[in-house]
Amino acid sequence: MNETLAEAGVETAVTTDASSCFARFVNVQKSYDGIELVVKDFNLDIRKGEFVTLLGPSGSGKTTCLMMMAGFETPTHGEILLKDKPISGLPPHKRGIGMVFQNYALFPHMTVAENLSFPLEVRHLSKAEIKEKVDKALAMVRLEEFGDRRPAQLSGGQQQRVALARALVFEPELVLMDEPLGALDKNLREEMQYEIKRIHASLGVTMIYVTHDQTEALTMSDRIAVFNDGIVQQLASPDELYERPENAFVAYFIGENNRLVGEVSERIGDDCKVRLDSGDTVIAKPVAVSGVGSRTTLSLRPERVSILRDDAAERFDNQFTATVQEVIYLGDHLRTRVSVCGNDDFILKTPNAQGCGEMRPGQRIQVGWSSDDCRALDA
Amino acid sequence: MSESSAAPLRTADGVPLKVSLRRAVRRSRIKALLLVAPLLVFLIIAFVMPILEMLWRSVDNPEVSTHLPRTVSALEGWNGESLPDEAAFAALAEDLRQGQQERNLGLLSSRLNYEKSGMRSTISRTARRVGSLEPPYRESLIETNDTWGELDTWKLIKREASPYTISYYLSAIDRQLSPDGEIVKVPEHMQIHATLFWRTLWMSAVITGLTLVLGFPVAFLLANLPMRHSNLLMILVLLPFWTSLLVRTTTWIAILQSQGVLNDVMVALGVIADEARWQMIHNKMGTIIAMTHILLPFMILPLYSVMKTIPPSYMRAARSLGGKPFLSFRRVYFPLTIPGIAAGGILVFILSIGYYITPALVGGQSGRFITNYIAYHMQTSLNWGLAAAIASILLFVVIICYLVFNRLIGVDKVKLG
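Heads up: the protein sequence lines correspond to chains A and B, in order. Numbering of the first sequence is given in full-length UniProt numbering, commencing with residue 1 and proceeding in unit increments. Numbering of the second sequence is given in full-length UniProt numbering, commencing with residue 1 and proceeding in unit increments.
Heads up, some of the hints might be wrong.
Claimed, not checked - Only part of the chain A face toward chain B is listed, based on derived beta-carbon distances under 10 Å:
1. LYS94
2. VAL100
3. TYR104
4. ALA105
5. PHE118
6. PRO119
7. LEU176
8. ALA236
9. PHE249
Just so you know, these hints were derived from the structure itself, not from any lab. All residues carry an ideal CB built from backbone N, CA and C; glycine is no exception.
Next up, chain B with everything else stripped away, as it sits in the complex:
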């Protein structure tokens, strides 16, 4: 190093070699950057920023500190062992009065209602009467609504005064903070997300397994048939890609519903009685059948690309060395397809746990995925913080899958197509 700094190499016209090299590559670098710039900008705006926004929203907690600023500062020195003093009640009354005038207590009441049910009506009722309340506020507020006399209410306000919260994440996995700040399970009848996460995961695993079982022989044929036949087969594999996802999903409804094609045929053939028609749609089975069909190409293509690189002479060698057909397959061919299985598996699994349309259409109540609940919280309950937390957990699961996969197989070994 010291040598090169003592006498740097120079080009013929005396410019240091490093500078000259940098100049030479700068042009091509700028060109390359300009070529990808539109896509890069698009990705940042449409992909990276929404993800950051989502991650932010899943912990963002502005409501209490914005709408109850006086109360929050009055509670700063409070030890939480008994009800706070008059100053805190007066601050709360003042905050609510201002909120009522500005008509912006909605967000605050929803936010506190997530943590403690009944808070919404408590705040709206109190706010309506806060103009006529007289000091001492401690007594008059408790008189207006008992909830203000509960120690837990004040602990909640103090806790949620922080600008960040983990309560959305806790609620995403059916947990909540007790008034004392401990993480506890929510009551059984309110537990829903953990079940949905598990259902999403195991159903995705089943779908992945089914695509593997169905796709492996097809990929093998594709890789080993003569060109003419394999091209035709490839078109059949790719055909679903040229059909709308919605069409494919609704086709399954037409086939599988209780008055659908399959049931009609079975009744006509006398396999099942008319009143005992199979329930194959709007449940887990419907979701699994439709998604297996839709995701099958994502398993076949990586498998095919790996199998294409395995020369037939390996199997021949194994056979000539005395391996029975199945044993040769198991010991020689199959291990060589593992990168393809892993690539297809991870692809289908990741696509599957984030799938929305198909489970929404054919999943009914029991075949829904966690994504359908993200949509529910986005569109119906308007609890965006919870939606963001669930979506973030899903993102973490995908990232973990990817990391495990990269560790075990190596992403660089995967070829798609």
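Just chain A, same shape as in the assembly:
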């Protein structure tokens, strides 16, 4: 078994140079029915100890990628490498990858301690070792008292912790998580995000995490691969993704986003002028536009738009008059929906600071933004 693996490894090793990569997806494709590709040409290099999140809407192929890594699905094309060895021929139980499932998949007929000792028993560890490791794992997720309970007697958050402990108890180098926090309520979810982050930092394991929740992805990940329609739209760190989305989907999917649609009319140095469908002209930063005359979607974060006082001098290269449609009071900040440049759903986010004048629906205000914050992306 090992020999054949090594041979196959040599073959692919020629084409790979990044030997520092812990896990790699190389040109992976997956089709279930032979008609449609669920995953189209997926490439990802994961470094040791990294926390990588596959983020995307449901049906985008992210869970399929995780299942291929775990060995429950076989790639239709391409190769998955773990420590530079292809693992396509390796059955799941020989991969040594820990996995946390969406609904935890805790064995209901076993106690918490039995659940945790299962992976150790199948590895033929001694009783004393098993006990020690189980106790350690329970302590890690702060459930020392719950070893004798059945999963059904635990709360959702506790079950989640047990699932996490079970995936880690046999000390795998790679842990996969398939929307592990999906079933928890908001507060618990946030708490668990920090918990997982803490465990990741303290153990130094490599984690691949699948979620459709962008906040979760931004909070926890070292890098995020944004999936849509079977391909990775952008692979970058959280701040990079938020600040510098490379296409309209990423901009739309990560964080809140105002969209203005138009056509590139002129290039001025590093910037470009975009003539919107409403007739207004906006100066923007070209990111994914091919040239003059091409259609583009401008992406603008709500918090990067300022409301200008009447007496203020011209400070931004984009300044327009907007009509307030709706003001939503959110405590620390105000969300204001305005009509500007032909877009009725243009959102402004302003801190609820002193001196912020009151706004009423129907009121006309001046808004402005820098061309640096306004990214011209694909249509």
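Got chain A sorted already, so can you dock chain B onto it with the hints?
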């Protein structure tokens, strides 16, 4: 409690809350009762009452006390150490004379014949001549028939004077009361019921085991195949239900008999010689094959309903944690199917020990079940008391199975379909 009686809660118009609630639910209760009433009445008449009747008949013992009332009262003070005195013989003669006139000694003679063979002819012969007998009856009766001179005969009459008897139950398990009132085994050549009970039980266990072995993979496929395929498979599983039981059983006769399809094929293929055809029907094997086939859906359906609720992620989790396929199955999947196995097992077992038609048709002599003997005693030997006792024992066995099952697994965990 005292508080609530001191100041009961009242609704807005002053009616106590409890009364008001009772009024509110009474209507819906009556409605519900009316809805189930036809079925309830039907069940009571067709199910509950026959069972009570059966239980009653299995201990009912009216014959001696009805037909020999004088003899019974004459024997009241008798100590049973020597033959009774003249008064008892005279009472017997009088009872038999009256019975002969009214021509109703048949039941009595059959009843006593169950306990002591030869009693039937003793009573009928004596009854025929009792009109011409002269006192002293002690001598003349013994002269008519020696049996009246036996101490055991009189002990039997005294014992069976009681309106209840356990002798049917004893006879159902091949035991009888000796003249001295001890429970002893019947002679070996007459032992038949205990063997039949054991055969019914072990063959039912074998049939249950076979349905489990054959049904488990099918149920697993049903629960795990994609919807399109599993629907087709489900139809195949349910197909036997749409075919008459009699047709299915006789089909097996056509297939398995010595001139049947299977034997013909085997002879044609040269697997067996023409004169050495397999005997697969009218014996235990025939019963087991046919009943396994017929009862298979009753195993598959409860198994399927349990397996359907086991998410595939359990097996995946076990595999990802390092469990080899078989070990994962044994440690994780299999234990979760136990409620289904138990439900299917108890269902098939209970149905099996009470099965009648199939063993009757394909069981021959060696593959018969206890039910076939109940039918025999009902229809041929007309010993309804014994039939009732055997049937009651069967009922107790089923109840015990159910209680054990409920204790171990819990009936509430069982879902059918």
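Hints, one by one, checked against the model:
With a cut of 10 Å, the hint placing LYS94 of chain A at the interface with chain B holds, because the nearest CB-to-CB distance is about 8 Å. At its closest, the beta carbon of VAL100 of chain A sits 9 Å from a beta carbon of chain B; the interface hint therefore holds under the 10 Å criterion. At its closest, the beta carbon of TYR104 of chain A sits 8 Å from a beta carbon of chain B; the interface hint therefore holds under the 10 Å criterion. Checking ALA105 of chain A against chain B by beta carbon gives a least distance of about 4 Å; that is within 10 Å, so the hint holds.
The restraint placing PHE118 of chain A at the interface with chain B holds, with a minimum CB-CB distance near 6 Å, inside the 10 Å limit. The criterion of a C-beta within 10 Å of any C-beta in chain B is met by PRO119 of chain A, whose closest approach is roughly 4 Å, and the hint holds. Because the closest C-beta pair between LEU176 of chain A and chain B is about 8 Å apart, less than 10 Å, the hint holds. With its C-beta approaching chain B no nearer than about 29 Å, ALA236 of chain A sits outside the 10 Å limit, and its interface hint is violated.
With its C-beta approaching chain B no nearer than about 30 Å, PHE249 of chain A sits outside the 10 Å limit, and its interface hint is violated.
Hint compliance for this structure: hints 8 and 9 are broken, all remaining hints hold.
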